[in-house]
Amino acid sequence: MRLFWDRGYDGTSFDDLIAAMGISASSFYNAFGSKEALYQEAIDAYLKVAGAWFFAALQEDTDTRTAFLHLMTAAAAEFTRDDLPSGCMIAVAATQCAPAQTRLRDLLASQRTRSEAEMTDRLRRGIAAGDLPADTDIEALAAFYGSLLRGMAVQARDGASRARLLEIARIAMQAWPVTQELHPPETLPHSYAQSP
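Numbering (full-length UniProt numbering), first residue to last: 1 to 196.
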């Protein structure tokens with residue numbers, strides 16, 4: 001997972017993989033079948049381990065705006081961790097690939113679509129709870145925050161600091177359709193506010 005996350009599918013060679021796992025070529029094929037099959041397993045591992053914060057933020061028992069604030073600040077923290085590759089394994093993976101790898105492109109695109117659908121569902125619950133205006137275009141709002149999250153992932157990959165990503169998150173919340181005072185930076189969870 002770390003190799004694919006750090007180098008991408010094409011940038012990770014078969015030799016890199018067997019060296020990292022300490023296994024022979026025959027053991028690799030017996031266990032995984034192909035590099036593509038292993039990549040799909042790595043994506044699943046990412047979603048279960050490193051991507052868990054995304055779904056956790058959206059499931060918080062709080063108002064919708066606070067859930068999205070926590071989502072954005074969590075992204076700033078997770079995309080700049082010292083112990084993992086920067087950015088997001090899903091955000092920019094396989095947006096360009098050879099024709100033979102269209103299955104991978106479609107796999108990653110479906111994961112990005114799933115993330116946006118999760119945000120749309122959370123916004124829909126917000127309308128039902130009365131903390132979003134009933135006429136909110138929730139699909140467009142989810143697409144907006146999804147685009148920001150992917151952009152933050154690219155920024156992190158390019159070396160942006162956690163402080164810069166937190167500032168992007170702060171500005172992003174100014175687009176929220178509910179007129180509400182922004183949470184001051186000092187109320188953010190301490191772990192998010194610390195630079196790596």
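Each hint should be verified, as a subset may be incorrect.
Here are the simulated lysine to aspartate or glutamate pairs, EDC-like style, with alpha carbons at most 20 Å apart [stated by the list, open to error]:
#1 48 <-> 63
#2 35 <-> 16
#3 35 <-> 15
#4 35 <-> 60
#5 48 <-> 116
#6 48 <-> 15
#7 48 <-> 137
#8 48 <-> 36
#9 35 <-> 83
#10 48 <-> 16
DEER-style ranges, computed between Cβ atoms [stated by the list, open to error]:
#11 128 <-> 14: 48 to 54 Å
#12 27 <-> 131: 52 to 58 Å
#13 174 <-> 31: 47 to 53 Å
#14 128 <-> 8: 37 to 43 Å
#15 2 <-> 27: 17 to 23 Å
#16 174 <-> 27: 49 to 55 Å
#17 33 <-> 174: 33 to 39 Å
#18 48 <-> 174: 45 to 51 Å
If you're looking for bench data, these hints aren't it; they were derived computationally from the structure.
None of the values given here were measured: they were computed from a predicted structure.
Each residue gets a CB set at the ideal place from its N, CA and C atoms; glycine is no exception.
* To do: Enumerate the violated hints, using their earlier numbering and listing them in ascending order.
  => Hints 1, 4, 6, 7, 9, 10, 17 and 18 contradicted; others consistent.
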